[in-house]
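K.L.:
Given the coordinates of chain A, assemble chain B onto it according to the supplied hints.
Protein chains in written order, with numbering that gives the first Met the number 0: chain A, 0 to 487; chain B, 0 to 68.
Misleading hints may appear alongside valid ones.
With a straight-line cut-off of 27 Å between C-alpha atoms, the simulated DSSO-like cross-links for lysine-lysine are [claimed, not checked]: (1) Lys360(A) <-> Lys20(B); (2) Lys31(A) <-> Lys262(A); (3) Lys325(A) <-> Lys196(A); (4) Lys392(A) <-> Lys360(A); (5) Lys24(B) <-> Lys279(A); (6) Lys360(A) <-> Lys388(A); (7) Lys30(A) <-> Lys191(A); (8) Lys468(A) <-> Lys24(B); (9) Lys468(A) <-> Lys20(B); (10) Lys325(A) <-> Lys431(A); (11) Lys20(B) <-> Lys196(A); (12) Lys31(A) <-> Lys328(A); (13) Lys24(B) <-> Lys30(A); (14) Lys20(B) <-> Lys279(A); (15) Lys24(B) <-> Lys196(A); (16) Lys20(B) <-> Lys191(A); (17) Lys24(B) <-> Lys431(A); (18) Lys279(A) <-> Lys388(A).
Sample of chain A residues at the chain B side, in silico, Cβ under 8 Å [unchecked claim]: (19) Val39; (20) Phe286; (21) Lys346; (22) Val349; (23) Ser362; (24) Asn465; (25) Ala479.
These are computed hints drawn from the structure, not numbers from a lab. Built from N, CA and C at the ideal position, the CB exists for glycine as well.
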Amino acid sequence: MQLIMNKIFIIFVFLFGYLGYSQDEPIATYKKRVLEQTEVDFLMSYYSQDGDNAAVTGGIGTEELTDITPTFVFSIPLNEDDVLTVDAGISSYTSASSSNLNPFDVSGASNSGEDDDDEDDDNDRVQNGQASDIIGSPWVASSGASQQDVWGSITVDYSHSSDDRNFIWNTNISFATEYDYTSFGLGGGVAKLFNEKNTELSAHAKVYIDLWNPLYPTELDSYLDVDGDLDDGFFEDVDILDQNGNISTNWQPINGFSLIKDKGRNTYALTLSWAQILNKNSQFSFFVDIVQQQGWLGNPMQRVYFTDTENYFIGNASSIPNYTSKQNKDVFQLADDIERLPDSRFKIPVGFRYNHYLNEKTSLRTYYRFYTDDWGIVSHTASIELPFKISSKFTLYPSYRFYNQTAADYFAPFDEHLSTDQYYTSDYDLSKFSSNQFGFGVSYTDIFTKAHIWKLGLKNIDFRYNYYKRDTGLTANYFALGFKFQMN
Amino acid sequence: MKNLIMIIILVTFFSSCSTVKEYEKVNLNDPDMALTQMQIDRFETNYQVYREAAAGANGGKSGGGCGCN
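In isolation and in its complexed conformation, chain A is listed as follows (with noise of 0.2 Å):
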């Protein structure tokens, strides 16, 4: 890895040295402005997908969930060499198996309105209900406080081009937030064109320093709570039944259950570009991310099953046998342990797109990426795009993107990880798949911006649709509309 990287700075060092000495001299006539006029985007996208594998009910489980994405953009010029960018938004979701935090929510026994947290998890959670009404499944979700959520951002960036436009620098600071995670972004980069601006190089920088605020799964941190005490807290007056159906007070989380010690979860990120003009008619981008995260790279909220320690449930003894099946409605395994994943990760991302111009109807947008990191997954992307314009005003968008990866060496399916492990998770997002995505899109596009709300011309609207699918059989489908205002 170290030696690709090597070779890598050295393309890098040789362009620059290249493109430097042949660089023209500028000419300084007419000084355009960088962004002649404030310019507001306003896009929203809705998302939901459904599956079967939930990471948070150890790999078995509905994957149903909903976001929908209000988000601002404000680029504002303030004076002709210089622009203040703020991107804010939300992202709402409904997750199903984020609500399988507590599962048991779904016999009403702990729906008390309580945080789902690691702090205050005793008696009130089965206050409201028999102990024997207390029920739970991986394929129903439940009615928790972790069942919703919203994120929040923003970034504000600011970036300044050279009177010749032919180098610009930027710095953006952001912070983001949702219940369980708070993330504090700063990052900065120059681009330099060269050879009439028909070639461009970058290098930016970004560190995010993210904070975990822990939420594990009920039964771990009840668990804790009771100092391994079955017949207190949330356990009490609770059945815990073995494999069999039999009343068991057997159960313990591995090695007693440990939190999360550091809640740190650090990236830095590297990106260096290449933008070439090959002729009037097409061009190509070349991109590397070079990625080090580190702390705690696992998420505390999913569990892990072991497949050499015993089972324990919650719930109908009955359903035990057809626990695996959709059909289970009442009864939940109690967890082995949450995911354990190494605290450094290392990922080299690199990309490439060539996009050319075939006539004046039709475009051609191609993008590949090969990416590998130290968990040992391998991936490859590949898209494509063809833009054609039906009309002055209206584009559309038919689009095809695959994509695979390798599994993490840390990933076995439900059930199937040894205790022995080191390191463990049955997130399917780290599994092996293939994935295939539809897509369709138009935009509207009016130069002259002869629409207007206030102030504000509309010049543009776009809308996307998407549908992904996964051989693990995850599918999704995705929403986006967009509308770009000018200040006039």
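P.N.:
Structure of chain B alone, referenced to chain A:
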């Protein structure tokens, strides 16, 4: 050998470029020819970052900033 082939392709590709003047860039300046990701496609990249282990090298996130991979 693979690295050598890659370098040859890069150098050949680069050396075959002819300089295109500003007034000849009409087709290249078409918004559909942009080498960056379109604004409307940002959400698509976001859900792919969550659902797939690979990320980055596309102008979007390559990790961090979310509880995703």
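K.L.:
Find the hints from earlier in the document that the structure breaks and name them by number, from lowest to highest.
P.N.:
As far as the earlier hints go, 2, 3, 8, 9, 12, 17, 19 are violated by this structure, in ascending order.
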